[in-house]
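Peer 1: Okay, here's what each chain looks like letter by letter:
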Amino acid sequence: MIITNDEQKLRDSLSFAEPSIPERISADPDAVENGLAKLVLSIIELVRRLLEKQALRRMDGGNLTEEEIERLGTALMKLEEKMDEMKRVFGLSDDDLNLNLGPVRTIE
Amino acid sequence: MKSIAIGVHLLRDDVEPVADAVPVGDLFMSGIAIADDQPLSDRDLLLRAASVRASLLERATFVAVRYGFAFRTSGEALEKCASRLPRWKELLEEHRARVEFTLKVAAPAAQRPDRRDFESGAAYLRALHDARDAASVPEAFRREVERLVIPLAVSHRWVNRDSTSIELAGLIDRDALPRLGEAGQALKQTVPGVPFLLSAPWPLEVFAGVSS
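Protein chains in written order, with the working numbering: chain A, 1 to 108; chain B, 109 to 320.
Chain A on its own, in the form it takes in the complex (with noise of 0.2 Å):
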């Protein structure tokens, strides 16, 4: 049983991402590094997102040391610093790595 109010949404959610992740890649030699850098950057703001839930739920189960928390955070702050960078060299915003994944817009 799946009850949604937001039905159109999740139409599009099963077919995967496709407002972000281009059907074909420009080729176009000024536009293809963008598209390919869209794509492989989408991919790689999903997994980072998935990494800092991952740190989070790890807080959440209390056993984490005073060390291993400043190395968590440390690793999200300079993965989220490399992120930015590439972002401003591709000219992409965040909500072109926006992966679109269902009805409620951050389930993930």
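Honestly, I wouldn't trust all of these hints.
Below, computed lysine to any residue pairings styled on SDA-like, alpha-carbon distance capped at 20 Å [claimed, not checked]:
#1 A:K87 - A:Q54
#2 A:K82 - B:D225
#3 A:K38 - A:L50
#4 A:K53 - B:Q219
#5 A:K53 - B:D222
#6 A:K53 - A:E66
#7 A:K87 - B:R223
#8 B:K110 - B:E184
These aren't lab readings, by the way, just hints derived from the structure by calculation.
Dock chain B against the given chain A, drawing on the hints supplied.
Peer 2: Chain B in isolation, oriented as in the chain A frame:
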């Protein structure tokens, strides 16, 4: 050959012949045999695992094992879950006629901390944690959920999944599922502006502590 774990069950008959039943302590782990070199990300395998999972749930409630755990021997399977088996046995006996449901709700985005404001990784991670926990369900929606859905649940808990969505996980008697469906339809009418996704039935996961 290796096996992909699907769940942990109370009785062998809950598993066979839909899947292989591997004894783990007093309980049984269901598995589907695959070739050693078959990638777990194989689409057909994912669909097969989902179909077996649904068939097993139709037979009896079980504790879900997150997709991706593969084992070769019952010893390996036991090692994965030994410490939790007594609790799971208790849960499976108590909730044999029940299943989980989830209601995922979009929450107004809480302010995300800016990493540039932090010098320590620990402080940043704690700020992310606080931001996630600050997300809350719109009050009108929560009232309607308390009126329509929660009375059907034997037990429930709100879980902050991330900074923009919250999930209500509930345990419900199998025979109350049609009424849960009616409650979901009513929720669509009474609070149309809040995106939500109500789904059921699911094996025991939140209430079995699988995600912690």
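Peer 1: Give a verdict on every hint.
Peer 2: Verification of the hints:
Distance hint between A:K87 and A:Q54 is unfulfilled; the C-alpha atoms sit about 23 Å from each other, more than 20 Å. Between the alpha carbons of A:K82 and B:D225 the distance comes to roughly 16 Å, so the proposed pair stays at or under 20 Å and holds. Of the pairs offered as hints, the one joining A:K38 and A:L50 holds, with about 18 Å between alpha carbons and a cut-off of 20 Å not exceeded. For the proposed pair A:K53 and B:Q219, the alpha carbon gap of about 16 Å is at most 20 Å, so the pair holds.
For the hint linking A:K53 to B:D222, the alpha-carbon distance of about 16 Å falls within 20 Å, and the restraint holds. Restraint check: the Cα-Cα separation between A:K53 and A:E66 comes to about 18 Å, which is no more than 20 Å; the hinted pair holds. A distance of roughly 16 Å separates the Cα atoms of A:K87 and B:R223; the hinted pair therefore holds under the 20 Å criterion. Pair hint B:K110 plus B:E184 holds up; C-alpha atoms about 11 Å apart against a cutoff of 20 Å.
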